[in-house]
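Colleague: The residues making up each chain are set out below.
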Amino acid sequence: DGGITQSPKYLFRKEGQNVTLSCEQNLNHDAMYWYRQDPGQGLRLIYYSQIVNDFQKGDIAEGYSVSREKKESFPLTVTSAQKNPTAFYLCASRTGSGRDTQYFGPGTRLTVL
Amino acid sequence: GDSVTQMEGPVTLSEEAFLTINCTYTATGYPSLFWYVQYPGEGLQLLLKATKADDKGSNKGFEATYRKETTSFHLEKGSVQVSDSAVYFCALSTPSGYSTLTFGKGTMLLVSP
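If you're matching them up, the sequences are chains A and B in order.
In this text, residue positions in the first sequence follow this note's numbering: the first is 6, and each later residue adds one.
In this text, residue positions in the second sequence follow this note's numbering: the first is -13, and each later residue adds one.
Keep in mind that a hint or two might mislead.
[Stated by the list, open to error] Residues from chain B that face chain A, not an exhaustive set, calculated with beta carbons under 8 Å:
1) Lys35
2) Thr86
3) Gly90
[Stated by the list, open to error] Computed footprint of chain B on chain A, listed as stretches where at least three residues anywhere in the stretch have a Cβ under 8 Å from a Cβ of chain B:
4) 38 to 47
5) 50 to 64
6) 106 to 113
Hints listed in this document are in silico derivations from the structure and should not be mistaken for laboratory results.
Backbone N, C-alpha and C define an ideal beta-carbon position, used for all residues, glycine too.
With the hints as constraints, model all of the structure from the sequences given.
Modeller: Next up, the structure:
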């Protein structure tokens, strides 16, 4: 089945540790996105990538880093510099033109202990 | 910049009641408009979309019409079910190079039997 997978579903981290969230898609989509969701808030864009080896900062990129070495994969690293990392993280992908739909993965809930 | 405003929730309805969730937007150019739905602990699923003025998106009994003159994209359903209980997000994207999504804050819908 085609889709977007995120792992793990739940992740716990101690303060001061970096952690990497996985996002993989087999939809052959060019563009991929990372969003952060906090309770009662909409989704805020962290990073996005249109093609391999290219990515752009979104609205809240501070304390996060990404890589795009393969078309299928767009991992997100939450660094110790992120002041309030506890949140629900969603990965999405899209193909074609700007009017095409973004499809979302199931999300990873990160909790900092 | 682009923005989306949704009515605040929660919206509480009895089964078979009529649903309206208001959404208005501010954007340059001619955005595409989307409604996504999120069930507890899950990612976002596309509910419907419209890409140009006067288009009507529809799916699973839900409808929304792209109204350029009022910059609105209100979500409606004639008869809600308990299974429709979820958070609904209105979003827009503009057909620029990276075509990121701008989300409203979401509206929680609670349907009781």
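Colleague: Determine for every hint whether it applies to the structure shown.
Modeller: A quick look at each hint next to the structure:
At a threshold of 8 Å, the smallest CB-CB gap from Lys35/B to chain A is about 6 Å, leaving the interface hint in force. A hinted interface residue such as Thr86/B counts as satisfied when its beta carbon comes closer than 8 Å to some beta carbon of chain A; here the least separation is about 6 Å, so the hint holds. Interface hint status for Gly90/B: upheld, as the beta-carbon distance to the closest one in chain A is roughly 6 Å, under 8 Å. Taking a C-beta to C-beta cut-off of 8 Å, the stretch 38 to 47 of chain A contributes 4 residues in contact with chain B, enough for the three needed, and the coverage statement holds.
Counting residues of the stretch 50 to 64 of chain A whose beta carbon lies closer than 8 Å to any beta carbon of chain B gives 5, which meets the minimum of three for the stated coverage. Counting residues of the stretch 106 to 113 of chain A whose CB falls under 8 Å from any CB of chain B gives 7; the rule of at least 3 is met.
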